[in-house]
Amino acid sequence: MKKIIPLILIFFIQCPFLFSQNGPGGVGNSSTLALWLDGEDIALANGAAVSSWSDKSGNSNDFSAPVGLEPVFASSSNINSMPGLTFSGSEYLSITSCADLDQKPFTWYTVYNTANSSNQILLRSSNTGFSTTLWGSIQASSEYRVHGRNSTGGFVAAGTSWSSGSHILYGRWTSVSLGSLDGLSFGSSGGADANPSSGSHDETRIGSNTPSGGNEFIGDIGEVIVFKDALNTAQRAIIHNYLSSKYGVAIDAAEDFYDHDVSYGIDVAGIGRQNSSNQHLTSSGEANVQI
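If you read the sequence shown in our numbering, its first letter stands for residue 1, the second for the next number, and so on.
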């Protein structure tokens, strides 16, 4: 990975250790990850119905689909020919009563491909303390949006113009709603001060609205990642490079630190430091290579 500061020393050790950073791009572990769904982990024939999508975060937060509303597995999806799930406008997967999705801050990523410019849902989560969806990633009014809620349930969103094709949509909910598309920030909106702990997690859906349904997604989804933490800028850059290399999605030049996408594009992991508040100094790839 390119350097986030002028000098980085990298050491490779062929064994992991307890609590290593073995999440996406070598960022996070089961204590900081809430959810990690990866199309590469689905062992089905091309075109088979996907009744469940196993969580690899270490928290067993698996998603499941209602009978008859399962997306289908694409062994070579429209996202850089990587494995993924195809949604045709009626399917979705969900999880209910998940404690790891019951408090903020959250940071989340969705990797997808779509040619549908109509209103649709990528990822959305609801809470029993509110009568509406609490946070998520949506497509509305010809733009991509990430959102949270204020204390009275008001919608607090940040968004950017819609475009077809493959994208990496990032969202973060602290006291603001903050987002980026393909590594390029599209700003933030303040006042997202709703407290999920005032109720409890109700349901999180991929590909459909919650809790009422509707606005089902049309396209492919390759990966969904949710952290129960507000990642710093160095960590966000590492994950953007991991996803960009894997799925062939060009990211903003200011966020692109990796030069070997074509030859070594899978399972990129990295470390980096921007300043004392924005650094990631321990990383472990999926092949048990420790940095």
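Do not take every clue at face value.
[Stated by the list, open to error] Per label pair, the in silico range of CB-to-CB distance: (1) S52 <-> S200: 15 to 25 Å; (2) V67 <-> A115: 34 to 44 Å; (3) A45 <-> G187: 23 to 33 Å; (4) V67 <-> D252: 39 to 49 Å.
I should point out that these hints are in silico values taken from the structure, not numbers from a laboratory. The C-beta atom is built at its ideal place from N, Cα and C for all residues, glycine as well.
Taking the hints in turn, this is what the structure says about them:
Judged by the Cβ atoms, the range 15 to 25 Å given for S52 and S200 holds: they are separated by roughly 23 Å. The beta-carbon spacing between V67 and A115, approximately 28 Å, falls outside the hinted interval of 34 to 44 Å. In this structure the supplied range 23 to 33 Å is violated for A45 paired with G187, their Cβ-Cβ distance being about 43 Å. For the pair V67 and D252, the beta carbons lie near 41 Å from each other, so the given range of 39 to 49 Å is met.
In summary, the numbered hints that this structure violates are 2, 3.
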